[in-house]
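Student: Go ahead and model the full structure; you've got the sequences and the hints to work with.
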Amino acid sequence: MRTLAIVLGAVCAGGLVAVLVLGGSRSAAQTTKPVADSVRAAVITDTTSLSGPRQPIFFRHDIHAGQFKIPCQYCHYSVAVSSEPGIPSIQTCMGCHLAIAGSDSSAKTEIKKVRQAWSEKKPVEWVRVHYLARHAHFPHMRHIKVMGPNACATCHGDVSRMPQVFRVNNVNHMGFCISCHVERKVSRDCSVCHY
Amino acid sequence: MPDEAPSTIDRRKFLTVLGATGGGALALSGCSTDKVERLVPYLVQSEDQVPGVATWYASSCTECSTGCGVHVRTREGRAVKLEGNPEHPVNKGKLCSRGQAALQGLYNPGRIKGPMVRNPDGTFKLVTWDDAIGRLAAKVTGGKVAVISGAGAGTFSDLLAEWTTALGGRLVRWEPFGHEPFRAANKRVFGVDKLPAHDFAKARYIVSFGSDFLDTGLASIENQRGFAQSHGFAGGDVAKMVYAGPRMDLTGLNADEWLAIAPGTETALALAMASVVAGERGGAGALASVLAAHTPAAAAKETGIPAERIERIAREFAAAQPSLAVAGGIGAQHAGATELCAAVNILNYVAGNVGQTVDFAADLGSGDGYAALGELAAAIDGGQVGVLLVHDANPVYALPRTSRFADKLKKVPFKVSTSMFLDETSALCDLLLPHHHALERWDDSAPRAGVRGLMQPVMEPVFDTMAAGDVLLKVSQKAGGALARFNAPSYQAHLRAKWDALGAAQGEKDAEGFWHSALQRGGVFQAAAQAAPAAIALAADAGARYAAPAFEGQGDFVLAPYPHSLLYDGRGANKPWLLENADPVTKITWHSWVEISPETAASLDVRDGEILRIVSAHGSIEAPAYVYMGLHPGVVAVPLGLGHTAYGAFAEGRGVNALDLLGAPAGDFVSYLSTRVTLEKTGKYRKLASIAGVPRQLGRGIAEAMPLAAAKKGLTVKEAYLEEGHGEHELNTEREVVALKGWSEAQHQATKFGNYAGDHPQWGMSIDLSRCTGCQACVTACYAENNIPTVGEAEILRGRELTWMRIERYWEGGEKPGEPVSARFVPMLCQHCANAPCEPVCPVYAAYHTPDGLNGQVYNRCVGTRYCANNCPYKVRYFNWYKYNLMAWPSPLNLQLNPDVTVRARGVMEKCTFCIQRIRGAQNQARLEDRPVRDGEFTTACAQACPSDAIVFGDVNDPESRVVAAKRNARGYHVLEETNVRPAVTYLAKVLHSVEG
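The listed protein sequences derive, respectively, from chains A and B. Just so you know, my numbering puts 556 at position 86 of the first sequence, and the rest follows in order with no gaps. Just so you know, my numbering puts 1195 at position 660 of the second sequence, and the rest follows in order with no gaps.
Please note that the accuracy of each hint is not assured.
[Claimed, not checked] When the alpha-carbon atoms are kept at most 30 Å apart in a straight line, the in silico BS3-like pairs for lysine-lysine are as follows:
| # | chain 1 | residue 1 | chain 2 | residue 2 |
| --- | --- | --- | --- | --- |
| 1 | B | Lys1287 | A | Lys615 |
| 2 | A | Lys591 | B | Lys648 |
| 3 | B | Lys722 | B | Lys737 |
| 4 | B | Lys648 | A | Lys592 |
[As the list claims (entries may be wrong)] Computed from the model, here is a short list of chain B residues facing chain A with C-beta under 8 Å:
| # | residue |
| --- | --- |
| 5 | Pro586 |
| 6 | Thr590 |
| 7 | Asn1459 |
No lab work stands behind these hints: they were computed from the structure. Treat the numbers as computed from the prediction; the structure is a model and nothing was measured. Just so it is clear, CB atoms sit at the ideal spot from N, CA and C, and this is done for glycine as well.
Tutor: As structure tokens, this is what we get:
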């Protein structure tokens, strides 16, 4: 397993920031520039107007990936080596949240749920947002290899600005795949994905 | 759609909703309120599992006592495929059908869910493990303990023996079709109480006395590998094989000559041959005078084979150096079996094969034999058994009913079973302590000298089971007393201690390193110390005797029950792969049958499928007839393995058990070939669930063969025919030549456009029919790799079998009385034609040609017109008629599915894809590593499994690839070449010895 060093450092107004330094061979590709400039994620009090399905924990990609610029592959670690991107284990969450308890009451409540899941040994059951039909095979690693570690947004949208993840593109529309394949002059053969 | 969508929304509703929201931020989960897909992450990510990437573990196979090494492919913590371990000296990377089907034992819905005790009314109730172990611990200290276990040797077997001894009990290691006659004969002839390994690779002339060494015999994978080396054509001479026995089994069908001898007379033949060989070679010493009495003429009278033929074969046998004679099968399971094994030993000895092709150093393990079981039964009768533990054995099913073993078992006050399944024996027990499956536990095996296989759990147990080793230890700790010394904290710790000791004995200083290397490699393998051939000498009384066979009862026919090729002694009858995969000889699936010879069929006026009643002095069974040319007229043959009364939903009530016809066994082994029977017509009929198709080639040139002389000259199939004096077929007439030219120009043009432009690999395959034995390991591998559903007996009867790969078997000869009969096997799969007839007829472009030379089949485009299958000259496209995907894998059998392959649903045409998921997997990996795909880096499941390496797969555009080398062979031909479909599969013609009368 990769080794990782977590350096707890700089304090932003009202909150802890984890600056994560990644080690190990798999993270070599993660030296590219961050997705967005440092932005402070908004405090959200009303979640009813947010797009996308409600998750058991109000996990905010806009805080983790946007404000704190944690690279996608820190959590979705297998995306560069496997067809599956990997949903982070609760242990990965606890790597930081053992120390980070949250700044405001809403964050504190949600982080408490992670800690509870950890202590009760009951993994969080996330609601699936992107579902690819099972007769299509999408090797994530090949796309990351060609398009770089920050290519995720191409299909998933700019998750780093989403308080709650919603579907930007319908990945089950084959036209969505094909238009990209045509543009990039890569194979449009059926059996590349369908078998 | 090829898969059941998880949401209840249909396509039309989906589009409506999509329109309403403008196709914007629409979450799929938002469409459906009742079915929301959940993503459940790991709590702690396992270090050796990456989602989407397979993890492989090395382990050992426990499906028979051969002890092959396996590699287990796991995905997301579940075993999904079994393959051979290439490092293992016995099977070298190959695995038979039965071994591969171990997966269906692991996920079998008939497994016992947890420890159970019997209620007074005969049902069982689940209890806790603490309770169950307490119950056993309370009983064992009372003494009078007996244990019946399987024959597999290893640390558990040793522990069980010590444990039983500590309790003052008796242990019987027993399995059906044991090797007791061989051991007895080896002791008598050579004074060695061992089972030898046979080197088929070295042998130049092989005579099998009823031994099915390629299929149901011990170490069949090893034998197939050796046989392919000596009997497969590689430019030079090939070994010749003669099969002597009343019934041609799969080995017989691979022989160059079949001697249809009278049942039970193999010994006479072996001794006559030994007598001739001794005369030719000398060196028989005192034996020569004994052998002199056994003349070919005398043997001819017994066997029904002309003396000249016996003499010719004996001379050929003597001239070939080294040669090899093997005994086995039902010939070695009748009253004169020990004499037969002794005679074969003598034959090998006088021909100078001992130490050459017969290797006593290997010392293959075996059990205690039936005699020990008989003694135990007597002890039960005498009230000397208070507690009986049955482990890895099913004697109630596997012994003839006349032995009344079930009644004897009922007399034991407390019976315990560790069986994983509620089989006939465990159903009678009082306490069930279900064992872990081999893929769920720590264990090892010691199948032969110098080979220790290690087993490790590759996944979490499917049910609440416990390794029998842990049960023994926990019971010991609870019971104390004599058992107190079994104080290892767990069976894993006990095993580790034994392996540390093994490492120390082998001079390893680093115990940790030894253990980890053994775990990685699947065990420790040393070349067995070379036996000094001088040590093997003929005993004073070598026992060259022959007594005419005596059969019990009255009747015109001798009953020959034989182990089923796939179900073996019945242990495979709960695995749908083994039931649906056809018997390699008769091609019958799912049910029992009785084989009768054409002569018998004519005299009784019986046709295939007529139900016959077979009556012996001990009982009667009814089974549909199968008229089989490879049978001595005086014999009727019935496969064993079916007719279960328990053993799970797949096995129960299916077929009949031929053991019901046998008398109670006496002596060292169950005498299967012992009874005379009569046949009665019942007037009833059933259609045979056979996938055989047309039994003969009818001049279509599907399974080509050429004489050895022609093959040695490097002739093509066509040239060989011309040399034999056949006229040339008029094929490419002028018009056809023009058409072909036009076609090839069009093809050339087509490769310039779109996806087809540029360089692509062209996947191709070559299948060497001189190596293929028809064993069907490839078929099972295909089922496992490609999520092929088993459709069941009723569907097969409608001709709806769904087997992407099948072995076609065509009869040759045997049409007139006395004409020799033989068979040819052709593995038939999608030929991936370059000019495929299936492609242009598809109205929706579901069948199309991929740039890398495959006939693609896009399930999600397919609307099920079946035009493609109608237009396929090879009949390799199969239609998914029903929701087989919901029927074929009752939970938890669905856990075996390969996540890389779409599970097809109703209404879709499907067929061989050349394992496209493996091709894409290798291409993805190569792309990650910025390199081209290397030849041999991956192969199809069938090529991987083939024990005789008949199948080679690769890129035809790579001039260095192995498949190109194989396809260059002069023997290469395409099936139905005249249709100009340009198949990607090249067959290499079988090579035949010219056979004299």
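Student: If a hint holds in the structure, say so; if it doesn't, say that too.
Tutor: Hint check results:
1. Lys1287/B x Lys615/A: Holds - the C-alpha atoms of Lys615/A and Lys1287/B are around 28 Å apart, at most 30 Å.
2. Lys591/A x Lys648/B: holds (24 Å)
3. Lys722/B x Lys737/B: holds (25 Å)
4. Lys648/B x Lys592/A: holds (24 Å)
5. Pro586: Status holds, d = 4 Å.
6. Thr590: violated (11 Å)
7. Asn1459: OK, holds: Asn1459/B within 8 Å of chain A, min 5 Å.
Comparing the model with each earlier hint shows a violation of hint 6 alone; every other hint is respected.
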